[in-house]
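**Q** The listed protein sequences derive, respectively, from chains A and B.
As numbered in my numbering, residues 1 to 107 make up the first sequence, in order.
As numbered in my numbering, residues 108 to 221 make up the second sequence, in order.
If you're looking for bench data, these hints aren't it; they were derived computationally from the structure.
There's no promise every hint is true.
Label-pair ranges, simulated between beta-carbon atoms [said to hold, decoys possible]:
id	chain 1	residue 1	chain 2	residue 2	range
1	B	Ile-167	A	Ile-13	46 to 54 angstroms
2	A	Asn-18	B	Ile-167	31 to 39 angstroms
3	B	Asp-135	A	Ala-78	38 to 46 angstroms
A virtual CB, placed ideally from N, CA and C, is assigned to each residue, including glycine.
In case you want the letters, here they are:
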Amino acid sequence: TQLLEQSPQFLSIQEGENLTVYCNSSSVFSSLQWYRQEPGEGPVLLVTVVTGGEVKKLKRLTFQFGDARKDSSLHITAAQPGDTGLYLCAGGFKTIFGAGTRLFVKA
Amino acid sequence: DVKVTQSSRYLVKRTGEKVFLECVQDMDHENMFWYRQDPGLGLRLIYFSYDVKMKEKGDIPEGYSVSREKKERFSLILESASTNQTSMYLCASSLTGGNDSPLHFGNGTRLTVT
Numbered sequence: 001t002q003l004l005e006q007s008p009q010f011l012s013i014q015e016g017e018n019l020t021v022y023c024n025s026s027s028v029f030s031s032l033q034w035y036r037q038e039p040g041e042g043p044v045l046l047v048t049v050v051t052g053g054e055v056k057k058l059k060r061l062t063f064q065f066g067d068a069r070k071d072s073s074l075h076i077t078a079a080q081p082g083d084t085g086l087y088l089c090a091g092g093f094k095t096i097f098g099a100g101t102r103l104f105v106k107a
Numbered sequence: 108d109v110k111v112t113q114s115s116r117y118l119v120k121r122t123g124e125k126v127f128l129e130c131v132q133d134m135d136h137e138n139m140f141w142y143r144q145d146p147g148l149g150l151r152l153i154y155f156s157y158d159v160k161m162k163e164k165g166d167i168p169e170g171y172s173v174s175r176e177k178k179e180r181f182s183l184i185l186e187s188a189s190t191n192q193t194s195m196y197l198c199a200s201s202l203t204g205g206n207d208s209p210l211h212f213g214n215g216t217r218l219t220v221t
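Chain B on its own, in the form it takes in the complex (with noise of 0.2 angstroms):
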């Protein structure tokens, strides 16, 4: 079964403080997600990866930046964390890029900025 495993579940940062979310996956998987979900707006996509080293903007990459240096491993970076990236963020991962290959999500990391 795959497993994607977000570093922490909760994390509380102050504003401007640079924040790193880390995201695992053990199944050898080519595409990494990083989404935030808020209420009422659903998930938004912040940036995938289809390959080491390579990234692509999603819907919202605004204030945040990504590295892939390990296929199994996908971080989200928040140069200065802002109050208004307070959020939900959830990590996934995807065997491929076609219809049959699902997404398989970790459990989120709520993440607080005050």
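Bound-form chain A, shown alone (with noise of 0.2 angstroms):
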């Protein structure tokens, strides 16, 4: 069964700091996907991680997947109030999901 781990579940920080979010498993994965959910919405996709080794770049958000496509990481750079939300990583034929990093950016 492929699980995934996501590292930290909460984070809470300063406006303006550095952060990191992890997704691991024991199981390699064709893809990874990570998506951003607000309250009383639900998830919306930020990117697609395909190649092992991969980095993508959305505006402050930076995405990777591992070289043996286990694991990925995001990295917010500078971090705003609107960062806030609930951060997932999924993949795999029936699209499982993490339980989910929970960011808060305090003004």
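Dock chain to chain to rebuild the complex, using the hints, since each chain is given by itself in its own frame.
**A** Here is the structure:
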């Protein structure tokens, strides 16, 4: 059974700080997706990483897929209150999800 | 823009009631999914469907059934609601099962079973 473990579960930081959240598995994934979910809404896709070692940037967000395609990370530079939300990684044939990292960015 | 619409934002039902959660997508997507989301557990797949009248069990299908009579509509049925089915239910659709086919989610139905 494929599992995705995310860390940390909760993160509360000040505006302007940098942060990294992690998504790890013992299984190999052909791709991993990152979603962000805001209260009262469904998750929204941020990015899909497909190639081992791949790095994708989305403004202040940098996503990396591990060389072995078992893990991924999301780095946010100079976090802003608008980045507050639940960040979820997902992957696999049935699109399984990790438990998520809940991020609070204080102004 | 893809729109996935869930019929209710909030539902309160009594133990033992039969509950129907409806989901409609407007972009002719092949795949549709039902997840439940609970704090600390993330999204767990209940059922998914890759075509009309086709369904596959997810990780937690017990106590649920689904129906997909038309391509755009995917219904989740709780045959006899129980309190442990109190949760946020999220419907999603995707064009295909490939890597480049992201899931598009509805805004969720928060179900409370008393």
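**Q** Honestly, which of those hints from before does the structure not fit?
**A** 1
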